[in-house]
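Let the hints inform the model, and build the full structure from the sequences given.
What follows is the residue order along each chain.
There are 2 protein chains.
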Amino acid sequence: MAKFLTDREDNYAQWYNDLVIKADLAENSAVRGCMVIKPYGYAIWENIQAGLDRMFKATGHVNAYFPLFIPKSFFSREAAHVEGFAKECAVVTHYRLKNDENGKGVVVDPSAKLEEELIIRPTSETIIWNSYKNWIQSYRDLPILINQWANVVRWEMRTRLFLRTSEFLWQEGHTAHATSQEAVEETERMINVYADFAEKYMALPVIRGYKTENERFAGAIDTYTIEALMQDGKALQAGTSHFLGQNFAKAFDVQFTDKTGKLDYVWATSWGVSTRMVGALIMAHSDNKGLVLPPRLAPTQIVIVPIFKTEEQLQLISAKARTIMASLQQAGISVKFDDRDNLKPGFKFADYELKGVPVRIAIGPRDIENNTVEIARRDTLEKETVSTEGLPERIKDLLEEIQANMFKKALKFRADNTFRIDTWNEFLEIIEKQGGFILAHWDGTAETEEKIKEETKATIRCIPFDSPEEEGRCIYSGKPSKKRVLFARSY
Amino acid sequence: MAKFLTDREDNYAQWYNDLVIKADLAENSAVRGCMVIKPYGYAIWENIQAGLDRMFKATGHVNAYFPLFIPKSFFSREAAHVEGFAKECAVVTHYRLKNDENGKGVVVDPSAKLEEELIIRPTSETIIWNSYKNWIQSYRDLPILINQWANVVRWEMRTRLFLRTSEFLWQEGHTAHATSQEAVEETERMINVYADFAEKYMALPVIRGYKTENERFAGAIDTYTIEALMQDGKALQAGTSHFLGQNFAKAFDVQFTDKTGKLDYVWATSWGVSTRMVGALIMAHSDNKGLVLPPRLAPTQIVIVPIFKTEEQLQLISAKARTIMASLQQAGISVKFDDRDNLKPGFKFADYELKGVPVRIAIGPRDIENNTVEIARRDTLEKETVSTEGLPERIKDLLEEIQANMFKKALKFRADNTFRIDTWNEFLEIIEKQGGFILAHWDGTAETEEKIKEETKATIRCIPFDSPEEEGRCIYSGKPSKKRVLFARSY
Chain A
1 MAKFLTDRED NYAQWYNDLV IKADLAENSA VRGCMVIKPY GYAIWENIQA GLDRMFKATG
61 HVNAYFPLFI PKSFFSREAA HVEGFAKECA VVTHYRLKND ENGKGVVVDP SAKLEEELII
121 RPTSETIIWN SYKNWIQSYR DLPILINQWA NVVRWEMRTR LFLRTSEFLW QEGHTAHATS
181 QEAVEETERM INVYADFAEK YMALPVIRGY KTENERFAGA IDTYTIEALM QDGKALQAGT
241 SHFLGQNFAK AFDVQFTDKT GKLDYVWATS WGVSTRMVGA LIMAHSDNKG LVLPPRLAPT
301 QIVIVPIFKT EEQLQLISAK ARTIMASLQQ AGISVKFDDR DNLKPGFKFA DYELKGVPVR
361 IAIGPRDIEN NTVEIARRDT LEKETVSTEG LPERIKDLLE EIQANMFKKA LKFRADNTFR
421 IDTWNEFLEI IEKQGGFILA HWDGTAETEE KIKEETKATI RCIPFDSPEE EGRCIYSGKP
481 SKKRVLFARS Y
Chain B
1 MAKFLTDRED NYAQWYNDLV IKADLAENSA VRGCMVIKPY GYAIWENIQA GLDRMFKATG
61 HVNAYFPLFI PKSFFSREAA HVEGFAKECA VVTHYRLKND ENGKGVVVDP SAKLEEELII
121 RPTSETIIWN SYKNWIQSYR DLPILINQWA NVVRWEMRTR LFLRTSEFLW QEGHTAHATS
181 QEAVEETERM INVYADFAEK YMALPVIRGY KTENERFAGA IDTYTIEALM QDGKALQAGT
241 SHFLGQNFAK AFDVQFTDKT GKLDYVWATS WGVSTRMVGA LIMAHSDNKG LVLPPRLAPT
301 QIVIVPIFKT EEQLQLISAK ARTIMASLQQ AGISVKFDDR DNLKPGFKFA DYELKGVPVR
361 IAIGPRDIEN NTVEIARRDT LEKETVSTEG LPERIKDLLE EIQANMFKKA LKFRADNTFR
421 IDTWNEFLEI IEKQGGFILA HWDGTAETEE KIKEETKATI RCIPFDSPEE EGRCIYSGKP
481 SKKRVLFARS Y
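Same order as they appear, the protein sequences are chains A and B. The opening residue of the first sequence carries number 1 in our numbering; numbering runs sequentially from there. The opening residue of the second sequence carries number 1 in our numbering; numbering runs sequentially from there.
It should be emphasised that the hints constitute simulated quantities derived from the structure, not laboratory data. Treat the hints with care, as some may be off.
If chains are identical, the list can't say which one is meant, so a pair holds when it fits in one copy or spans any two.
[What the hints assert, rightly or not] With a straight-line cut-off of 27 Å between C-alpha atoms, the simulated BS3-like cross-links for lysine-lysine are:
id, residue 1, residue 2
1, Lys-113, Lys-451
2, Lys-133, Lys-22
3, Lys-87, Lys-104
4, Lys-412, Lys-113
Put into structure tokens, the structure is as follows:
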């Protein structure tokens, strides 16, 4: 199986696509730009959802659901938003089909035309703030801390499985606050939740920072982002959190009476991550043999493969395997026993390596005699024969070790591929030859940002929160700068 | 709060609508026919989802996700399906908006017209079987046991919150099998899963049976249903499971090689339940004071309300309440402590009755002295003062008792409102005067079924699985019949 994968080094884009297809994560559908998320890929997304949902609830949020459709006129209400979002959208114009009079299937019924077209939500600020208008009268109604798990549609011309699709799944938080400060704190809280999730669940180190004005969400006062480095040296924006100020409250006339009896507009945030995270997970860790999944998100953490020649051996091994399986499950570990007898162990090994199962346990006749099993780690591909005594504890520790090791490895990769650059020539060389994160000075103007993008395809991924004050000169314009920003080519 | 509810007896439909609004479950949105599911309503749906998802996985199913859009031509492929589904659908015709030249917001860009219109899925058989075509070659690829949690759209002219909305949330299972028998078994398995869920989680007794040909899913060979009786004597179809035969496999040319090397079309099932279940839950149990939620689906199972006059009393009570809360949470019970000091206990009591919280615990100064609390059940409205000793166990038992009692009460209501009728006059009288389930003989023809519907608005809800063979005569035509079927007016 693994032999069908293109090598990462030969063609990274092809390797990624092969991997998504061969590992049975997703595929393109009959509808241009829309993917089918297959069960194995969806199981990863379910684990991402479960982890994030727990974190959202632990920070006081609740879930709700708003309509898929947004009246067209809503998009014109917030000036910046319309520029950013109202363009590449799916538009519903009719609500009925009828039989073709020539007997050729169905046609759109021209008499069933909507008075106002409906847009499939590309994001839900407008429809949600139109609801909040009726929910908020006084400071007592605040804060509202709502999240929504939903599908959204942005008509994309060039799509890639998980990374950019016309329909995708995501969550979008939409909160309403009585003060600017509270909303800013919420914006920060949620970018930190995303960063924690990326680092602790996805084993993916991220850089937290501010987006430049150019790269901000349409309608936001400030956008915070987490940026991760992929193995090909390109950046991937894995989540964003927006401080929306009073823009949407003003657009939808949402005012509240504060404690002093004064009327004011409500302060807002929104924040989201999507199925794109699955793409990030794949690209950050996987290798030429297939997926490498962090234990905390792997649909199957352990697979047990029996090595046998005779039916009698299989029976002995199966009994042992089932005991081990039960003890692992009791320890809260997800485990699968693959006793299919029409496939060779070597084929199974390759298949579970392709699928990125963190730990493989092989049991042969000699293991039965010796009370041992062979443990193979997917991250390092190391094998070890160990006693079955105390196995659940050992496996639990091993899963944690793998989780930590994957993070450490990704962190080292990022460190090895982050460059502090002070000249334009160095910048060009790094960007063209090897990619990676570049920390460099920038004069703070949109013009320079735009020129650098035109000439190198590199963008400012963010102004890192922890970027220290430092005198310097813009690598492009030579003008004075007080801080380094993070450049990279990106997905 | 409760005083704003219309009484059930005065106007059941208005009572239902008031309840959904006042209990903060859902509301109508700016988009005709689409609702906003508010956090409290969505929390009930999350509990429904979690319970069903566990049951689906325990029966071997996995989740996946297919596109929201279906190419128009797909609807013409299965003849019966097109008649049933291709009509009242939302149709996407364009994929871009642009700024109005007169500066009046945005307009649809006429140059961005799709070559083939896309339909928002009203159900996903077509797009899914179009995918299965590529997934299935041999019997080894079968069975496929996939479920999808998704939003769907059916353009409805008359909508009611939860019961009938243009967009709704649901799950749809789509399975593929090598034999007819296996598919029929799956169809049965899933209607039984739904019935178990309705009875054990929703405390809602249901009648399992076959739909008549008239009432079958468009494209199905057989449709199984679970039918529940609401408090106004109308039936509600709470879930369906369809044996699709080879209809969709033929429409999408999905063939497989069986063990003998012979090519055959694949056998299919599909099954679904939706946010309608929330409507059923409300209508089956609630009263003039508000919701009555079964403990297994209640977002909050226990609320603790302090009764105090002085700040000192509140502090003593709060300390006690927090101890109790911790011990209940440790026992896996969801509990809320409402220490808001700007609302009177009486207001809180009414509010939690409106919200259907199964058990209320009140703690006053005397309870602190006596080491007691007052427990109030939402289902019976009974109150009791009990010792705090062993409280978690007692509460756990009480929640189970409430769950069982709610089921028993609904079962009794159904028994009291189910009538074995042998004459047309009795039938008319029951249907007009009190409603309920009617078990009566029917001659098996679609004509009679249609006539009865026209004259009484009653339909055949199902032919119950357990309806015994019995000689009789059709209540309408007088022709011979071998079985009673279940009639009712319905939602």
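Tested hints:
no. : hint              : result
1   : Lys-113 - Lys-451 : neither (46 Å within a copy, 34 Å between copies)
2   : Lys-133 - Lys-22  : between (48 Å within a copy, 17 Å between copies)
3   : Lys-87 - Lys-104  : between (33 Å within a copy, 15 Å between copies)
4   : Lys-412 - Lys-113 : neither (58 Å within a copy, 49 Å between copies)
When the structure is compared with the earlier hints, violations turn up for hints 1 and 4 and for no others.
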